[in-house]
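Engineer: The primary structure of each chain is shown beneath.
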Amino acid sequence: AQSVAQPEDQVNVAEGNPLTVKCTYSVSGNPYLFWYVQYPNRGLQFLLKYITGDNLVKGSYGFEAEFNKSQTSFHLKKPSALVSDSALYFCAVSLGFSGGYNKLIFGAGTRLAVHP
Amino acid sequence: EAGVTQFPSHSVIEKGQTVTLRCDPISGHDNLYWYRRVMGKEIKFLLHFVKESKQDESGMPNNRFLAERTGGTYSTLKVQPAELEDSGVYFCASSSLLAGNYEQYFGPGTRLTVT
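In order, the protein sequence lines correspond to chains X and H. Quick note: the first sequence uses the numbering used here, first residue -2, plus one each step. Quick note: the second sequence uses the numbering used here, first residue 2, plus one each step.
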């Protein structure tokens, strides 16, 4: 079965330190991978995606993620965390993109808390 | 450009009652998706419209859930009768049919509480 795992319910990091939010996936075929962020009382906002090409993708707000096919991982990273990065982060995988349609499978989410 | 909007933001109903959630996608987006997050778990796909047609409703939990998208604009998701396990946050998302556009734009969600 297709699935996405985010092994950490919460990640705590001090402001200015690097952060990593982990994501692994299990899908057949070549995955399309996404990260979304949800701030309080807001909808999910798109951060970045991997479709093909360079394994390191850069996204909004200084975030980046590295696609690792052998480890089936797509960890989200940022070199220097900000308090304003505190939010709920979701990793998602698409089963493919055909005719403009890509149903997303999400992980359970990881709450990132950045402390001053 | 207005984003995806959802109404209401929060609904509290009793078991056995009916609730209708509404989603207005971004103008011009033919793809419309419904997702649900229950009890802090993963966000799960419910169904997908292309314009007014249901393309995939494999995620709908049972026949108490009915989704419509008349005219291919806004969509409604009706739960009748509601059960306790239906509580959660219901998200709507939309995307363009243009080739190469993989990004889905999400609304703020409707928090449904069934008591």
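Don't take every hint at face value.
Derived Cβ-Cβ restraints for the label pairs, each shown as a range [said to hold, decoys possible]: (1) X/5 with H/67: 32 to 38 Å; (2) H/4 with X/68: 20 to 26 Å; (3) H/79 with X/39: 23 to 29 Å; (4) H/104 with X/112: 29 to 35 Å; (5) H/28 with X/39: 40 to 46 Å; (6) X/42 with H/74: 19 to 25 Å; (7) X/38 with H/67: 39 to 45 Å; (8) H/23 with X/80: 32 to 38 Å; (9) H/82 with X/55: 25 to 31 Å; (10) X/-2 with H/29: 47 to 53 Å; (11) X/5 with H/69: 23 to 29 Å; (12) X/12 with H/18: 44 to 50 Å; (13) X/68 with H/10: 35 to 41 Å.
What the hints contain is simulated information worked out from the structure, not anything from laboratory work. Idealized CB from N, CA, C, for every residue including glycine.
Engineer: Between residue 68 of chain X and residue 10 of chain H, does the C-beta distance stay in 35 to 41 Å?
Structural biologist: At roughly 39 Å between Cβ atoms, residue 10 of chain H and residue 68 of chain X fall inside 35 to 41 Å, so the hint holds.
Engineer: Does 23 to 29 Å hold as the CB distance between residue 79 of chain H and residue 39 of chain X, or does it fail?
Structural biologist: Check passed, 25 Å falls within 23 to 29 Å.
Engineer: Holds or violated: 32 to 38 Å for the Cβ distance of residue 5 of chain X and residue 67 of chain H?
Structural biologist: This hint holds: roughly 37 Å between Cβ atoms.
Engineer: Using the C-beta atoms of residue 42 of chain X and residue 74 of chain H, is the stated range 19 to 25 Å upheld?
Structural biologist: holds (23 Å)
Engineer: Taking 44 to 50 Å as the stated bounds, is the beta-carbon spacing between residue 12 of chain X and residue 18 of chain H within them?
Structural biologist: holds (46 Å)
Engineer: Look at the Cβ atoms of residue 28 of chain H and residue 39 of chain X and judge whether their distance stays inside 40 to 46 Å.
Structural biologist: violated (20 Å)
Engineer: Go ahead and decide if the range 39 to 45 Å is satisfied by the Cβ distance of residue 38 of chain X to residue 67 of chain H.
Structural biologist: The hint (39 to 45 Å, Cβ to Cβ) is violated, given that residue 38 of chain X and residue 67 of chain H are roughly 28 Å apart.
Engineer: Look at the Cβ atoms of residue 4 of chain H and residue 68 of chain X and judge whether their distance stays inside 20 to 26 Å.
Structural biologist: violated (35 Å)
Engineer: Does 29 to 35 Å hold as the CB distance between residue 104 of chain H and residue 112 of chain X, or does it fail?
Structural biologist: Holds, at about 31 Å.
Engineer: Can you let me know if the beta-carbon spacing of residue 23 of chain H and residue 80 of chain X is within 32 to 38 Å?
Structural biologist: With Cβ atoms ~35 Å apart, the hint holds.
Engineer: Honestly, do residue -2 of chain X and residue 29 of chain H meet the 47 to 53 Å range at C-beta?
Structural biologist: violated (34 Å)
Engineer: Taking the Cβ atom of residue 5 of chain X and the Cβ atom of residue 69 of chain H, is their distance within the range 23 to 29 Å?
Structural biologist: violated (39 Å)
In this structure, the earlier hints numbered 2, 5, 7, 9, 10, 11 are contradicted, and the remaining ones agree with it.
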